[in-house]
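Each chain is listed here by its residues.
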Amino acid sequence: MINSKGMVAQLLGQDPGWVIALKGLLIFIFCVVLTIMAVWGERRIVARMQMRLGPNRVGIFGIIQGLADGVKLALKEDLIPKTADKIVFIIAPIISATTCFMAFAVIPLTGEVSFFGHKTVMQLTDLPVGVLYVLAIASVGVYGIVLAGWSSGSTYPLLGGLRSSAQVISYEVAMALSLVAVFIYAGSMSTSDIVVAQDRWWYAVILFPSFAIYCISMVGETNRAPFDLAEAEGELVGGFHTEYSSLKFALFFLAEYINILAVSSLATTLFLGGYRAFPGLGFTETWLGGWFTLFWFFAKVLIFFFVFVWLRGTLPRLRYDQFMQFGWKTLIPVSLAWILIVSTLRVMSDQGAPQYLIFGFAFAVVLIYLVISNYSDNAKAKLATDYKNFTPENPEFPIPISNRTEQVIQIRDEAKK
Amino acid sequence: MLTTPSFEYLLLSPMLIILAAAVIGVLAEAFLDRNHLPVIQLFISVGAILLALIQIYRIKSSSSTSAAIGSVVIDKATIYLQGTILIIGLLALLLISDQEQFVAQASAIPGSREEQESTSKGSIQTEIYPLLSFALAGMMLFTCASDLITLFVALEVFSLPLYLLAGLSRRRRLLSQEAALKYFLLGAYSSAFFLFGAAFLYGISGSVYLVDISSAVSGGYGNDVFVLIGLIFISVGLLFKISAVPFHAWTPDVYQGAPTSVTAFMAAATKVAAFGAILRIFYVVFSPIANQWRPIISVIAIITMVFGSAVAIAQRDVKRMLAYSSIAHAGFILTAVLALNKSGLSAALFYLTTYGLSTLAAFGIITLIRDATGEVTDLNKWAGLGKKSPLIAGSFAFLLLSFAGIPLTSGFIGKFAIFSAAYETGNIAVVVFGVLSSALAAFFYIRVILLMFVAQSQNDSISIAIPSVKSRIAIGATTAATVILGLFPSLLLNITQSFSIFIK
Amino acid sequence: MNPYVPILAIGAIGFGFAVFSVAIAFITGPKRYNRAKADAYECGIEPSPSAAGGGRFPVKYFLTAMLFIVFDIEIVFLYPWAVTFDQLGLFGLVEMILFIATVFVAYTYVWRRGGLEWD
Chain G
0 MINSKGMVAQ
10 LLGQDPGWVI
20 ALKGLLIFIF
30 CVVLTIMAVW
40 GERRIVARMQ
50 MRLGPNRVGI
60 FGIIQGLADG
70 VKLALKEDLI
80 PKTADKIVFI
90 IAPIISATTC
100 FMAFAVIPLT
110 GEVSFFGHKT
120 VMQLTDLPVG
130 VLYVLAIASV
140 GVYGIVLAGW
150 SSGSTYPLLG
160 GLRSSAQVIS
170 YEVAMALSLV
180 AVFIYAGSMS
190 TSDIVVAQDR
200 WWYAVILFPS
210 FAIYCISMVG
220 ETNRAPFDLA
230 EAEGELVGGF
240 HTEYSSLKFA
250 LFFLAEYINI
260 LAVSSLATTL
270 FLGGYRAFPG
280 LGFTETWLGG
290 WFTLFWFFAK
300 VLIFFFVFVW
310 LRGTLPRLRY
320 DQFMQFGWKT
330 LIPVSLAWIL
340 IVSTLRVMSD
350 QGAPQYLIFG
360 FAFAVVLIYL
370 VISNYSDNAK
380 AKLATDYKNF
390 TPENPEFPIP
400 ISNRTEQVIQ
410 IRDEAKK
Chain F
0 MLTTPSFEYL
10 LLSPMLIILA
20 AAVIGVLAEA
30 FLDRNHLPVI
40 QLFISVGAIL
50 LALIQIYRIK
60 SSSSTSAAIG
70 SVVIDKATIY
80 LQGTILIIGL
90 LALLLISDQE
100 QFVAQASAIP
110 GSREEQESTS
120 KGSIQTEIYP
130 LLSFALAGMM
140 LFTCASDLIT
150 LFVALEVFSL
160 PLYLLAGLSR
170 RRRLLSQEAA
180 LKYFLLGAYS
190 SAFFLFGAAF
200 LYGISGSVYL
210 VDISSAVSGG
220 YGNDVFVLIG
230 LIFISVGLLF
240 KISAVPFHAW
250 TPDVYQGAPT
260 SVTAFMAAAT
270 KVAAFGAILR
280 IFYVVFSPIA
290 NQWRPIISVI
300 AIITMVFGSA
310 VAIAQRDVKR
320 MLAYSSIAHA
330 GFILTAVLAL
340 NKSGLSAALF
350 YLTTYGLSTL
360 AAFGIITLIR
370 DATGEVTDLN
380 KWAGLGKKSP
390 LIAGSFAFLL
400 LSFAGIPLTS
410 GFIGKFAIFS
420 AAYETGNIAV
430 VVFGVLSSAL
440 AAFFYIRVIL
450 LMFVAQSQND
460 SISIAIPSVK
470 SRIAIGATTA
480 ATVILGLFPS
490 LLLNITQSFS
500 IFIK
Chain P
0 MNPYVPILAI
10 GAIGFGFAVF
20 SVAIAFITGP
30 KRYNRAKADA
40 YECGIEPSPS
50 AAGGGRFPVK
60 YFLTAMLFIV
70 FDIEIVFLYP
80 WAVTFDQLGL
90 FGLVEMILFI
100 ATVFVAYTYV
110 WRRGGLEWD
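Going line by line, the protein sequences match chains G, F and P.
Residue numbers for the first sequence follow numbering that gives the first Met the number 0, beginning at 0 and rising by one.
Residue numbers for the second sequence follow numbering that gives the first Met the number 0, beginning at 0 and rising by one.
Residue numbers for the third sequence follow numbering that gives the first Met the number 0, beginning at 0 and rising by one.
A hint or two may mislead.
To be verified - As a list, the in silico DSSO-like pairs of lysine-lysine whose alpha-carbon atoms are at most 27 Å apart:
#  : chain 1 : residue 1 : chain 2 : residue 2
1  : F       : 75        : F       : 59
2  : P       : 59        : F       : 181
3  : P       : 30        : G       : 75
4  : G       : 81        : P       : 36
5  : P       : 59        : F       : 120
6  : G       : 71        : P       : 36
7  : P       : 30        : G       : 81
8  : G       : 85        : P       : 36
9  : P       : 59        : G       : 328
10 : P       : 30        : G       : 85
Rather than coming from a laboratory, the hints here were simulated on the basis of the structure.
Just so we're clear, the structure is a prediction, and the values are computed from it rather than from any experiment.
Build the full structure now, drawing on both the sequences and the hints.
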């Protein structure tokens, strides 16, 4: 059993080369197979939600539909537009596909297992800055998107790449901020140590606001519905990969799904106790051996994946400005406030502050929240009445500031005539 | 286990006050009514500077190396330099608050309808005040930083606002924006050099603290090549800021393009701050290996003096001419770095103060000479200015004489002090070149004086604006200081002598 | 073994796979040249010679990028603080509140001056 910090790092330090190579290969295969199955699973689930059947022809229940799609794509013509920047055009999908696998290197998939007679854990490596590494790799992945959009030499991909990268970096801020509370509680940035630290309570329970912010921003981060503005068919055709065909397109597709799996795995690791069993089922590990923990990890990741599909089947897409404003004006300040609240409460309890002080602080926070929400409600109500009172003679029309001067001038010019 | 660091807040308070004022200024920009902002911002900035000056006075005899976990050294020289920067900042602020020189909306494209709209509305980019405060705080930190990282952060904190300020001129927008961009790109480039050098010094000493680097250097680590590479690259970053040749290319363009009052601030305060850091680094860290860098810095000092003086002769624009003159002056002050003794340090402090004040006054006077399109910086149009306004032209002439180092002006005393200090430690070649290029420089200063007083004016389009009270105070005080320090230099020399102490 | 070596291993596997895919598609796919196919796709209308704005990113995009960097730097400072939170205690909390408040001032400035409006 792994029950103390730093144990995993020690265990992994003893891995011989062949174990590392084999683990790397296994993780790679795991990602690819899971992606192929996820594509099929998503289509089946969405189909059910829309009262359809979904793909059911290739294999039993259509189970190898994803593989068939892949083979089909490999047999398609590989087009490069003549306006494209050829080298960058080819490099971009390679960047995307390479980085998405790398994020999995630090995710602990199981507890202690016997790997062909060698005692280890199913985790490629354990870094003291594991989570930071995942975020860094995710940021490098953005290059794939930006470069793909730019190098296509075409309008839609450019706009799509622009939106996509703006979206990813915007939501990455909220995502990274939501993790701070986890680090405060775990006292470490290593993924395995964070799992170890969740032996009594999952952080999804004690740090619920962090968990909620992470879940929202991970959907934004991966460009998935309802935040899939970069691929808004009605506006931008396919977004940054409009000009891609054949296996280069498949690589982007693969990268998108592996990214979904990666953020889900990270959520599982940081908030849902990683490979730990569901509450009350901890005996399974002792009875069935360490490998059974892989099942729990999978189960949690697949729950997240199901939620992704569920969101896609249920919610309409957001408007771009609403989406960005939600990220910048709601998620980020809320994350910052939450960090301050958590840290203050923790310092209070560490320093042995009296109960009434802690309650007083909590009460003050609630009070401040009420004042702010009242203020913003008033602002919204005022905006609504402003819209109602609009006439051409009253140019104080409540429109976004950036358009205001233009519009006001227009209205004034018309009034003069 | 981590130990909680401790800070000596009293010693840091001048910087903290200015930084707090900058932050409050940003908040004011965000929330207050734009019509009242100019007054409020001026009040915040001036108030903060006065408060900081009071604090400087209160800590004037204290010193400490552990004010902020070893990253900041507060010693006599620091306090003197910080005080000088604050006084220059205060006077520059008075010039800057004459709003007419600043653009109404910096983000508007020059000549666009948006720009006309905001100009006719009379709006003002009041961000200049917080930006100036940030720059001031950065400069103050730059003079006292005692580790490479703090030094770099301070460098950026004072540079970035200056890049922005350079682009805010109300008239000749494109020239101003070009100046800002040039300044920014070259500045970023020189910062990279600085960082590269810092990396080498960290490499040989294993520490970013100047104290440790100093002992590693004097301990003869056997990696003398790397010490030298680190030294040279760090020097490039710093010499860029004081615009020593061959890192001077930005100076004339930026001095010309930036709003004149910002140029005044930049010319005066940046020199003080950057020389503060250079003096500290060479006096504290690299003095043990002086034999290795003295030739390099000597050559740079000589070509800076000669080049600055020679090229200034060809200039037809007052601001460009003063820019080249400031390059030449950078060379003179570099001579004090070469002196490497207490009298050299004292002379440098004296020179920085007097030069800073005279420069402020000179650029302040330039803001007053106008025609219908704004300031007139073309020298040809200055012909006959002496008849129009003897007082203004006379003061300007006096300031030029001070730059030239004619006796009875503060410039003479400064040059004399520096050259004699450098002579003491045997830098005879540099001193000879310094004296020669001073003579060369005197030529073009006197040419401008002749132009103003002897030449016939070609047209009457230029006029001399009646200065506002604020400008009057700034220009009057700085000119008066130049006169008084020329006549009674011991007033300041005594102070600089007692304040010229660096501690490790 | 250095804990960063396995990362190189999986990176190499992923990179190899990606390069292999790009290369194999070049071989397996048909190559039937057609002038229209090499044009940029613009929903069937005659494509413009280059992407919108000459293929350059609009300057507003860089505003978002800069805001991102501001907050990313904030996060860079928050993480080490969070990890050593229990050791720094009250001192760390006070310093961090000051830091967050300072960044928040910049944030409110950007918000009030319309930097957080997208269209």
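message = Tell me if the straight-line CA distance from residue 59 (chain P) to residue 328 (chain G) falls inside 27 Å.
response = The given pair, whose Cα atoms are some 17 Å apart, holds under the 27 Å limit.
task = Take the C-alpha atoms of residue 59 (chain P) and residue 120 (chain F), compute the straight-line distance between them, and say whether it is at most 27 Å.
result = Holds, at about 25 Å.
request  = Measure nothing beyond the straight line between the CA atoms of residue 81 (chain G) and residue 36 (chain P); if it is 27 Å or shorter, mark the hint as holding.
outcome  = The hint holds at about 9 Å.
query = Under the criterion that the straight-line Cα-Cα distance not exceed 27 Å, is the pair residue 75 (chain F), residue 59 (chain F) satisfied?
reply = Answer holds: residue 75 (chain F) to residue 59 (chain F) is near 7 Å, not above 27 Å.
Given pair status - residue 36 (chain P), residue 71 (chain G), alpha carbons within 27 Å = holds, 19 Å
27 Å limit on alpha-carbon distance, applied to hinted pair residue 59 (chain P) and residue 181 (chain F) = holds, 22 Å
inquiry  = Just to be careful, I want the Cα atoms of residue 30 (chain P) and residue 75 (chain G) compared with a cutoff of 27 Å; is the pair within it?
reply    = Status holds; Cα separation ~9 Å.
task = Quickly compare the C-alpha distance for residue 30 (chain P) and residue 85 (chain G) to 27 Å and report which way the hint goes.
result = holds, 17 Å
query = Is it true that the CA of residue 85 (chain G) sits at most 27 Å from the CA of residue 36 (chain P)?
reply = holds, 15 Å
ask   = Would the pair residue 30 (chain P) and residue 81 (chain G) pass a check requiring their Cα atoms to be no farther apart than 27 Å?
value = holds, 15 Å
Violation of the numbered hints given earlier is absent; every hint is satisfied by the structure.
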